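Going by the UniProt record's numbering, the sequence shown opens with residue 1, and the numbers climb by one from there.
Hints were generated in silico from the structure; no laboratory data involved.
Here the structure is a predicted model, which means the values were calculated and not measured.
There may be inaccurate statements among the hints.
Listed below are the simulated DMTMM-like cross-link pairs for lysine to aspartate or glutamate, each with C-alpha atoms no more than 25 Å apart in a straight line [to be verified]:
#, residue 1, residue 2
1, K390, D337
2, K122, E56
3, K54, E99
4, K35, E63
5, K248, D296
6, K35, D119
7, K248, E93
8, K54, E101
9, K306, D403
10, K245, D256
11, K35, D21
12, K122, E70
13, K306, D267
14, K245, E317
15, K306, E253
16, K26, E99
17, K26, E63
18, K26, E93
19, K199, E242
20, K306, D282
21, K306, E317
22, K35, E101
23, K245, E165
24, K35, E56
25, K248, D191
26, K54, E70
27, K122, E101
28, K199, E165
29, K35, E99
30, K54, D119
31, K26, E56
32, K35, E93
33, K199, D130
Label pairs and their calculated CB-CB ranges [stated by the list, open to error]:
#, residue 1, residue 2, range
34, R280, S133, 42 to 50 Å
35, S290, E63, 47 to 55 Å
36, N209, Y258, 22 to 30 Å
C-beta: ideal position from N, C-alpha, C; glycine also.
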Amino acid sequence: MVATILLLFSFLNFINAIVPDCKDGKIIFDQPSHKTSYPANFSSPGPVFPANFKCEFQINVPEGWYALVELSLISPNDSQSSAVIFDQLNRSETVFVAESESFYFIASGGRIQFSTGSDGTKFGFIVSWDTYSPFIFHGGRVNASDTVPFIPIHYSTGSIVISAETKVSATVLRPSNGTLLSHFRGIIFFDGPSYNNTKNLGTGLQLWNGNTQYVSTGNSMTVLILDFYITANAFVVFQDYELTKGIKSFQGENCDIYNPCGSFTLDATNGPAALQIYTRDDVNFISDLSGSGHLDVYIGTASQNKTNLVTTYHVGETSSSLPQQVFGYFKTFLLTDGNATITFNNTFIYGTLYVSAGTTGFFSSDRYGTYAVQNCQATLSSSPYKSTVKIRWSVSYIDLVEDSWLEVYGDQIINNERVTYIKK
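Let's have the full structure, built from the sequences with the hints guiding it.
Have a look at this one:
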């Protein structure tokens with residue numbers, strides 16, 4: 001009985017270790033009428049490959065189509081097994097582990113170089129072809145005078161066409177759900193008013209990994225969105241290049257109270273470094289700022305005339321000015337020199353910020369420096385109840401355009417009366 005069990009166990013492992021041959025070291029996949037896979041009838045996690053197995057898979061894609069590859073790769077610890085994915089620009093990405101991860105190829109296609117370093121590696125993929133979605137969103141426009149960037153929220157796959165006063169600059173925001181980051185491979189940027197016969201600039205994931213920006217040579221850019229999982233989210237930031245041409249590196253985050261922003265290190269030793277933050281909760285809390293340099297905080301873009309600049313921090317000299325609330329859905333933190341780490345703390349509940357006596361700070365509207373219909377309010381109170389705290393305040397800037405007004409009132413302000421500032 002024992003011998004029978006042992007023989008059966010060995011036979012099953014032998015069957016599982018059988019893998020397709022790779023004649024001449026290369027297998028070519030052309031567009032069929034249905035999905036195909038390697039190995040045939042593949043299902044994750046895939047069969048076990050022997051050590052020192054090598055094969056290249058060429059994925060061909062016709063014009064107007066794209067190929068979706070869902071790849072799985074599971075290796076033993078310390079294995080050198082890998083899959084190197086080359087896109088249509090011959091840019092490569094090395095993957096050591098993947099579980100049904102998505103990769104996209106547009107015309108004329110790409111290739112996958114798979115190699116194992118030891119026994120026990122499981123590998124396989126499914127590839128399918130489809131045409132681009134016909135949906136096209138026109139109307140995105142950016143200008144050199146903008147204080148607010150253009151951040152489209154796309155609810156379907158398709159393409160977005162952006163025009164600019166000079167050139168289009170595109171950056172990306174890391175999603176609050178980190179698992180969506182790999183789907184940035186399905187955001188593809190083109191230099192021009194369409195994706196036909198125009199230069200391919202790269203993918204959203206390549207853009208994010210490079211901490212840089214894509215810039216059009218003319219005044220238009222097209223973004224092709226192939227991955228449904230990244231629709232209905234704010235991930236791509238468009239600005240006129242006049243606002244970003246002096247910035248050497250970019251980081252970005254889409255965060256909220258459930259997915260805090262955390263900490264970011266900005267290195268401006270080779271030029272200004274920007275951190276772009278988008279939050280649907282409308283407020284971020286800066287809890288710490290360390291290092292060196294000068295940090296400008298903008299509600300919106302790093303505008304040319306700085307009308308939306310709310311404060312400048314001298315990094316390392318912020319003990320009396322932090323923590324600090326910064327309002328606005330989109331902010332730009334621009335480090336102009338030095339090297340600094342900025343930390344956000346999103347544990348403050350319902351916008352309540354507690355600070356020690358002697359602390360300085362500021363309040364600003366959600367779109368400070370940008371004319372927009374908005375209603376903003378803030379409350380200052382002392383703790384414990386009935387304690388005596390002297391609060392000094394001053395109006396730094398208020399334009400009072402159109403029908404805007406500022407009203408200050410409270411128990412201890414000017415004999416319990418309200419002070420109202422209106423346009424004269």
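Against the structure, the hints come out as follows:
1. K390 x D337: 36 Å, violated
2. K122 x E56: 16 Å, holds
3. K54 x E99: Given that 25 Å is the threshold and the Cα spacing comes to 20 Å, the pair holds.
4. K35 x E63: 18 Å, holds
5. K248 x D296: 15 Å, holds
6. K35 x D119: 29 Å, violated
7. K248 x E93: Distance ~23 Å between K248 and E93 Cα, so the pair holds.
8. K54 x E101: At roughly 20 Å apart (the allowed maximum being 25 Å), E101 and K54 satisfy the hint.
9. K306 x D403: With a Cα-Cα distance of about 23 Å, the restraint between K306 and D403 holds, given a limit of 25 Å.
10. K245 x D256: Violated, at roughly 29 Å.
11. K35 x D21: 20 Å, holds
12. K122 x E70: 14 Å, holds
13. K306 x D267: 22 Å, holds
14. K245 x E317: 29 Å, violated
15. K306 x E253: 22 Å, holds
16. K26 x E99: Cα-Cα ~23 Å, so holds.
17. K26 x E63: 23 Å, holds
18. K26 x E93: 19 Å, holds
19. K199 x E242: Judged against 25 Å, a Cα distance of about 22 Å means the pair holds.
20. K306 x D282: 21 Å, holds
21. K306 x E317: Cα-Cα ~22 Å, so holds.
22. K35 x E101: 16 Å, holds
23. K245 x E165: Holds - the C-alpha atoms of E165 and K245 are around 14 Å apart, at most 25 Å.
24. K35 x E56: 19 Å, holds
25. K248 x D191: The given pair, whose Cα atoms are some 20 Å apart, holds under the 25 Å limit.
26. K54 x E70: With a Cα-Cα distance of about 19 Å, the restraint between K54 and E70 holds, given a limit of 25 Å.
27. K122 x E101: Measuring from Cα to Cα gives roughly 14 Å; hence the hint holds.
28. K199 x E165: 20 Å, holds
29. K35 x E99: Answer holds: K35 to E99 is near 18 Å, not above 25 Å.
30. K54 x D119: 13 Å, holds
31. K26 x E56: 5 Å, holds
32. K35 x E93: 24 Å, holds
33. K199 x D130: Judged against 25 Å, a Cα distance of about 21 Å means the pair holds.
34. R280 x S133: 42 to 50 Å: 26 Å, violated
35. S290 x E63: 47 to 55 Å: 52 Å, holds
36. N209 x Y258: 22 to 30 Å: Hint holds: Cβ distance 25 Å, inside 22 to 30 Å.
The earlier numbered hints that this structure contradicts are 1, 6, 10, 14, 34.
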